[in-house]
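There are 2 protein chains.
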Amino acid sequence: MFKEEFNRKIETVSLALEKYFEKADNYQKTIYDAMAYSLFAGGKRIRPVLALACAELFDSGEKVLPFACSLEMIHTYSLIHDDLPCMDNDDLRRGKPTNHKVYGEAMAVLAGDALLTKAFEISVKFSELSPEQTLREIEVLATAGGTEGMIGGQVIDIESEGKRVDAKTLDALHLNKTGALIIAAAKLGAIAGGASEDDIKNLSEYAKNLGLAFQIKDDILDVEGDSDILGKMTGVDEINEKTTFVSLYGLEKSKQMLDEYTKKAKANLKPYGKKAEFLEELADYLLKRKN
Amino acid sequence: MFKEEFNRKIETVSLALEKYFEKADNYQKTIYDAMAYSLFAGGKRIRPVLALACAELFDSGEKVLPFACSLEMIHTYSLIHDDLPCMDNDDLRRGKPTNHKVYGEAMAVLAGDALLTKAFEISVKFSELSPEQTLREIEVLATAGGTEGMIGGQVIDIESEGKRVDAKTLDALHLNKTGALIIAAAKLGAIAGGASEDDIKNLSEYAKNLGLAFQIKDDILDVEGDSDILGKMTGVDEINEKTTFVSLYGLEKSKQMLDEYTKKAKANLKPYGKKAEFLEELADYLLKRKN
Chain A
0 MFKEEFNRKI
10 ETVSLALEKY
20 FEKADNYQKT
30 IYDAMAYSLF
40 AGGKRIRPVL
50 ALACAELFDS
60 GEKVLPFACS
70 LEMIHTYSLI
80 HDDLPCMDND
90 DLRRGKPTNH
100 KVYGEAMAVL
110 AGDALLTKAF
120 EISVKFSELS
130 PEQTLREIEV
140 LATAGGTEGM
150 IGGQVIDIES
160 EGKRVDAKTL
170 DALHLNKTGA
180 LIIAAAKLGA
190 IAGGASEDDI
200 KNLSEYAKNL
210 GLAFQIKDDI
220 LDVEGDSDIL
230 GKMTGVDEIN
240 EKTTFVSLYG
250 LEKSKQMLDE
260 YTKKAKANLK
270 PYGKKAEFLE
280 ELADYLLKRK
290 N
Chain B
0 MFKEEFNRKI
10 ETVSLALEKY
20 FEKADNYQKT
30 IYDAMAYSLF
40 AGGKRIRPVL
50 ALACAELFDS
60 GEKVLPFACS
70 LEMIHTYSLI
80 HDDLPCMDND
90 DLRRGKPTNH
100 KVYGEAMAVL
110 AGDALLTKAF
120 EISVKFSELS
130 PEQTLREIEV
140 LATAGGTEGM
150 IGGQVIDIES
160 EGKRVDAKTL
170 DALHLNKTGA
180 LIIAAAKLGA
190 IAGGASEDDI
200 KNLSEYAKNL
210 GLAFQIKDDI
220 LDVEGDSDIL
230 GKMTGVDEIN
240 EKTTFVSLYG
250 LEKSKQMLDE
260 YTKKAKANLK
270 PYGKKAEFLE
280 ELADYLLKRK
290 N
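Those protein sequence lines, which keep their order, are chains A and B.
The opening residue of the first sequence carries number 0 in numbering that gives the first Met the number 0; numbering runs sequentially from there.
The opening residue of the second sequence carries number 0 in numbering that gives the first Met the number 0; numbering runs sequentially from there.
Honestly, I wouldn't trust all of these hints.
You can't tell identical chains apart in this list, so a pair holds if it fits in one copy or across any two.
Mimicking SDA-like on lysine to any residue, the simulated pairs with C-alpha atoms at most 25 angstroms apart in a straight line are [stated by the list, open to error]:
id, residue 1, residue 2
1, 100, 88
2, 100, 162
3, 241, 96
4, 162, 103
5, 95, 85
6, 162, 29
7, 28, 174
8, 28, 158
9, 100, 156
10, 28, 157
11, 265, 6
12, 273, 284
13, 167, 26
14, 28, 166
15, 274, 132
16, 28, 167
17, 207, 25
18, 124, 193
19, 263, 201
20, 28, 171
21, 95, 241
22, 100, 86
23, 162, 101
24, 124, 200
Worth flagging that the hints you see were computed from the coordinates, not collected in a lab.
In this text, all values refer to a predicted model and were calculated from it rather than measured experimentally.
All chains should be modelled from the sequences, with the hints used to inform the complete structure.
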């Protein structure tokens with residue numbers, strides 16, 4: 000049941016992405032190819048699905064789609080830039096060669112820039128929300144993707160390399176680097192659904208816990224996961240001397256924390272009862288995932 | 000008189016940039032330093048000054064400032080990414096070491112990403128226009144900076160390297176790579192000033208001609224300019240086997256074209272009479288500039 004509902008939502012998001020991501024003419028063919036290569040590379044679509052599910056708590060959910068897709072574009076651009084030789088220097092992503100391996104570094108930089116720019120373009124062009132709500136969605140996207148969000152987290156990440164960092168810094172790193180866009184997903188959905196300020200806050204809290212659980216699971220998978228299923232190498236964090244939840248707390252304690260954050264996330268959903276079933280199951284799904 | 004007015008406008012823009020570009024906390028210090036390094040590196044501020052001057056044709060002009068500054072941030076991010084080793088591999092910009100030479104490549108990529116994201120953040124946060132007008136400004140920024148604008152031009156540029164390109168491609172390259180943001184400046188100003196659709200179109204046409212003249216002048220300076228005054232090496236286009244207006248048409252014909260586009264730009268200003276004096280003199284100033 001959950002898996003079917005998840006797939007239905009992924010399908011809804013994919014159709015929207017294809018609709019918003021229009022064709023290119025002659026001159027822009029290469030850049031559109033490079034953008035599409037990463038945008039349609041089989042990502043799990045967790046952020047836009049989360050946005051859609053949060054919006055559906057309040058209405059049909061459809062109106063969040065341009066912003067859910069924008070968020071996925073921002074997530075995708077960050078992966079392209081993250082994989083660059085001057086950043087993480089990754090050759091593989093989701094089992095496929097990374098963007099710069101296929102299109103070259105210059106085009107990969109531009110494809111990332113273009114996806115980030117396109118996110119704001121489609122937010123304006125395809126919004127069916129009121130101008131006021133649309134601007135609020137755009138502010139959520141820009142803040143979550145920027146220096147006080149994802150990019151801020153990447154900076155902490157770069158500056159922590161090869162160092163032992165403390166628990167507070169590790170939390171700040173992940174709350175920003177991965178957490179910011181996951182929290183933004185919940186906010187985008189709630190705002191598009193016309194939720195109250197209390198509901199927006201409550202769902203942001205759910206997403207914050209979900210995001211931390213997600214990151215802890217990632218760190219555990221890097222130690223215990225199967226690289227064939229993951230589509231990327233394991234043991235990378237140790238080689239790169241990265242401080243992770245596992246290196247800081249150990250494997251057992253990390254698994255315990257994963258359970259706790261998942262429980263906290265589910266507790267945030269209490270006010271929505273049966274309607275929040277999908278969001279509850281999403282937390283369990285992310286807890287148990289193998290990739 | 001013109002120079003004083005130009006400096007007054009630069010000052011207005013600089014004060015606004017400093018206001019919108021707020022302080023960073025602990026974690027984000029490095030990225031804000033990297034962003035500020037390029038944003039306050041002594042750029043000529045032609046785009047935001049143009050936006051301000053176009054807005055002033057219709058009203059006080061103040062309301063365009065958040066968008067004029069956003070445009071300057073987009074311009075600045077594009078220079079940081081353009082200078083990267085995988086792109087133009089430039090060590091100097093405006094006589095100073097390029098961003099990645101000072102902060103490293105990873106931070107330079109992120110500083111560019113952050114400036115692009117910040118552009119949209121401040122557009123929402125500091126707008127004093129109506130929500131509808133604000134959205135229109137954001138759409139102008141995103142379209143001009145994206146695949147159908149500046150990035151599209153950069154793609155043509157990369158794909159033309161080491162090739163002889165024809166006049167049509169060279170026009171498309173520059174109309175997008177440098178033209179798109181200059182045209183956007185005029186549009187942002189006109190929209191913020193509450194101009195009619197005819198005036199928006201007319202000022203866009205002025206900016207289009209100004210942008211082509213600007214690029215031709217750039218190509219001429221690369222051949223005839225003084226590298227000390229320019230703050231960068233000359234003769235680079237020939238070394239890189241780049242097709243330029245000079246390589247395609249020769250120096251004399253290029254100078255003639257520069258004159259013609261400048262005249263055309265000034266003709267577009269006829270309807271505004273004396274009020275457009277600054278914009279007229281701006282065209283002459285760009286024609287005669289030495290850097």
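Hints and how they fare:
1. Taking the shortest alpha-carbon separations for residue 100 and residue 88, both the intra-copy value of 10 angstroms and the inter-copy value of 19 angstroms come in at or below 25 angstroms.
2. Taking the shortest Cα distances, residue 100 and residue 162 sit within 25 angstroms of each other only across copies (23 angstroms), while inside one copy they are farther apart (29 angstroms).
3. Within a single copy, residue 241 and residue 96 get their C-alpha atoms as close as 23 angstroms, which meets the 25 angstroms cut-off; across copies the closest is 31 angstroms, which misses it.
4. Taking the shortest alpha-carbon separations for residue 162 and residue 103, only the inter-copy value of 18 angstroms comes in at or below 25 angstroms, while the best intra-copy value is 31 angstroms.
5. In this assembly of identical chains, the alpha carbons of residue 95 and residue 85 lie at most 25 angstroms apart whether taken from the same copy (19 angstroms) or from different copies (22 angstroms).
6. With identical chains, the CA atoms of residue 162 and residue 29 are at most 25 angstroms apart between copies only, with a shortest distance of 17 angstroms across copies and 39 angstroms within one.
7. Taking the shortest Cα distances, residue 28 and residue 174 sit within 25 angstroms of each other only across copies (18 angstroms), while inside one copy they are farther apart (36 angstroms).
8. Taking identical chains as interchangeable, the C-alpha atoms of residue 28 and residue 158 lie at most 25 angstroms apart only when they sit on different chains, with a minimum of 11 angstroms there against 37 angstroms within one chain.
9. Taking the shortest Cα distances, residue 100 and residue 156 sit within 25 angstroms of each other both inside one copy (23 angstroms) and across copies (20 angstroms).
10. Taking the shortest alpha-carbon separations for residue 28 and residue 157, only the inter-copy value of 13 angstroms comes in at or below 25 angstroms, while the best intra-copy value is 33 angstroms.
11. With identical chains, the CA atoms of residue 265 and residue 6 are at most 25 angstroms apart within one copy only, with a shortest distance of 21 angstroms there and 58 angstroms across copies.
12. In the homo-oligomer, the alpha carbons of residue 273 and residue 284 lie at most 25 angstroms apart inside one protomer (17 angstroms), although the nearest pairing across protomers, at 68 angstroms, exceeds that limit.
13. Proximity of residue 167 and residue 26 under a CA criterion of 25 angstroms is satisfied inter-copy only: 12 angstroms between copies versus 48 angstroms inside one chain copy.
14. Within a single copy, residue 28 and residue 166 get their C-alpha atoms only as close as 46 angstroms, which misses the 25 angstroms cut-off; across copies the closest is 20 angstroms, which meets it.
15. Within a single copy, residue 274 and residue 132 get their C-alpha atoms as close as 24 angstroms, which meets the 25 angstroms cut-off; across copies the closest is 37 angstroms, which misses it.
16. Only between protomers do residue 28 and residue 167 lie at most 25 angstroms apart by alpha-carbon distance; the minimum there is 17 angstroms, versus 45 angstroms within a single protomer.
17. In this assembly of identical chains, residue 207 and residue 25 lie within 25 angstroms of each other by CA distance solely across copies; the values are 22 angstroms between and 43 angstroms within a copy.
18. In the homo-oligomer, the alpha carbons of residue 124 and residue 193 lie at most 25 angstroms apart both inside one protomer (20 angstroms) and across protomers (21 angstroms), since each shortest distance falls under that limit.
19. Taking identical chains as interchangeable, the C-alpha atoms of residue 263 and residue 201 lie at most 25 angstroms apart only when both belong to the same chain, with a minimum of 12 angstroms there against 58 angstroms between chains.
20. With identical chains, the CA atoms of residue 28 and residue 171 are at most 25 angstroms apart between copies only, with a shortest distance of 14 angstroms across copies and 39 angstroms within one.
21. Proximity of residue 95 to residue 241 under the C-alpha cut-off of 25 angstroms is restricted to the intra-copy arrangement: shortest distance 24 angstroms within a copy versus 34 angstroms between copies.
22. In this homomeric assembly, residue 100 and residue 86 come within 25 angstroms of each other (Cα to Cα) both inside a single copy, at 14 angstroms, and across copies, at 15 angstroms.
23. In the homo-oligomer, the alpha carbons of residue 162 and residue 101 lie at most 25 angstroms apart only across protomers (22 angstroms), although the nearest pairing inside one protomer, at 32 angstroms, exceeds that limit.
24. Taking identical chains as interchangeable, the C-alpha atoms of residue 124 and residue 200 lie at most 25 angstroms apart only when they sit on different chains, with a minimum of 20 angstroms there against 27 angstroms within one chain.
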